[in-house]
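Novice: Could you put the whole structure together from the sequences, leaning on the hints where they help?
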Amino acid sequence: MEFTEEQILRYSRHILLQDVGVEGQERISSGKVLVIGAGGLGAPVALYLAAAGVGTIGIIDGDVVDLSNLQRQIIHFTPDVDSPKVLSAKEKINLLNPDVKVITYQTLFTSENALEIIKDYDFIVDGTDNFPVKFLINDACVMAGKAFSHGGILRFDGQTFTHTPGNACYRCLFNAPPPPNAVPTCSQAGVLGAIAGMLGTIQAAETLKYLTGVGDLLTNRLLSFNAKTMNFRTVNIHRSEKCPVCGAHPTVTELVDYEQATCEIKRH
Amino acid sequence: MATITINGETKELAKSLTVAELLVKNDVSQPDMVSVQLNGEFVYKENYKTTEVKDGDEVDFLYFMGGGSF
Numbered sequence: 000m001e002f003t004e005e006q007i008l009r010y011s012r013h014i015l016l017q018d019v020g021v022e023g024q025e026r027i028s029s030g031k032v033l034v035i036g037a038g039g040l041g042a043p044v045a046l047y048l049a050a051a052g053v054g055t056i057g058i059i060d061g062d063v064v065d066l067s068n069l070q071r072q073i074i075h076f077t078p079d080v081d082s083p084k085v086l087s088a089k090e091k092i093n094l095l096n097p098d099v100k101v102i103t104y105q106t107l108f109t110s111e112n113a114l115e116i117i118k119d120y121d122f123i124v125d126g127t128d129n130f131p132v133k134f135l136i137n138d139a140c141v142m143a144g145k146a147f148s149h150g151g152i153l154r155f156d157g158q159t160f161t162h163t164p165g166n167a168c169y170r171c172l173f174n175a176p177p178p179p180n181a182v183p184t185c186s187q188a189g190v191l192g193a194i195a196g197m198l199g200t201i202q203a204a205e206t207l208k209y210l211t212g213v214g215d216l217l218t219n220r221l222l223s224f225n226a227k228t229m230n231f232r233t234v235n236i237h238r239s240e241k242c243p244v245c246g247a248h249p250t251v252t253e254l255v256d257y258e259q260a261t262c263e264i265k266r267h
Numbered sequence: 000m001a002t003i004t005i006n007g008e009t010k011e012l013a014k015s016l017t018v019a020e021l022l023v024k025n026d027v028s029q030p031d032m033v034s035v036q037l038n039g040e041f042v043y044k045e046n047y048k049t050t051e052v053k054d055g056d057e058v059d060f061l062y063f064m065g066g067g068s069f
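Top to bottom, those sequences are chains A and X. Quick note on numbering that gives the first Met the number 0: the first sequence kicks off at 0 and runs consecutively. Quick note on numbering that gives the first Met the number 0: the second sequence kicks off at 0 and runs consecutively.
Don't take each hint at face value.
[To be verified] Cut-off 30 Å, straight-line C-alpha distance, at most; resulting in silico cross-link-like pairs (BS3-like, lysine-lysine):
no., chain 1, residue 1, chain 2, residue 2
1, A, Lys100, A, Lys118
2, A, Lys145, A, Lys91
3, A, Lys31, A, Lys145
4, X, Lys10, X, Lys24
5, A, Lys91, A, Lys208
6, X, Lys10, A, Lys227
7, A, Lys145, A, Lys118
8, X, Lys53, X, Lys24
9, X, Lys44, A, Lys145
10, A, Lys241, X, Lys48
11, X, Lys24, X, Lys44
12, A, Lys31, A, Lys208
13, A, Lys91, A, Lys31
14, A, Lys241, X, Lys24
15, A, Lys145, A, Lys241
16, X, Lys53, X, Lys14
17, X, Lys44, A, Lys241
18, A, Lys227, X, Lys24
19, X, Lys53, A, Lys241
20, A, Lys118, A, Lys91
21, X, Lys24, X, Lys48
Read the hints as simulated data drawn from the structure, not as lab findings. Only a predicted model underlies this, so the values are computations on that prediction, with no experimental measurement involved.
Specialist: Printed below as a string of structure tokens:
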């Protein structure tokens, strides 16, 4: 890959980094990343990956922009209300960095299309708001041998880890989705808008680390933070022998669309 | 007396408890919503009632967190 003078200038702060350099930027610029959900997490992830010059960014989301999204979904602007989120996101990415090829999927991520969509990507970012899709992303990535970043936010809390083949997956932590009736809705629980940025930028950094091979990924470690205290905590986790999808005797051998649950747990 | 660590915070217990008792004590009303690690190892749900948390143990409650795009 030959960079133009303009690109060398655009990416100079990456190229200057000893660990990244021209070679690392080349890896970023030829990288293909799928962002699932163009919402609170997907917005900062997509913007930072676009700014970084990730070669291809795929975005999947079936929703349109709602006024209540704008408090945290910073890729969407006021005039975008009622527009499809993927188109609004694509427009901003193109404005930010015309080097990036954007592929949009204005649909839901389901057991039907999951494997077909992820096969073209190097890294997948979970920016979704519900457990059925989180489990689907996990299962599809484990089955296809893909790396992904898990992310979840709620109220003042955020949680993330990175899966690469052979390391702990979401089902090693949580066997199965919580029962749908046990969880109140996300819109009832609320979330501090900036939390989405905090967690999403961690996911974006993990993506760039994965593409460049720099540093230690959040594999086998669950990072949680609480913005009220600003305490960050990392808990070591590991692959479970009894994991239903990546364990010794998997019971989940094909993709499942779980009943739509909402995105919060009844906590304390 | 047992001194244990829950999610990084030191707690004093009057006596050793099982994981199931500890969940009740910590107001985790729905054990389905949490994964438990004892000294870095997952405790399977079927063993909550038989696994004792003793002096010096480190316990982590890992919660589901699902928001993001909604």
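Novice: Checking each numbered hint in turn, tell me which of them this model violates, lowest number first.
Specialist: none
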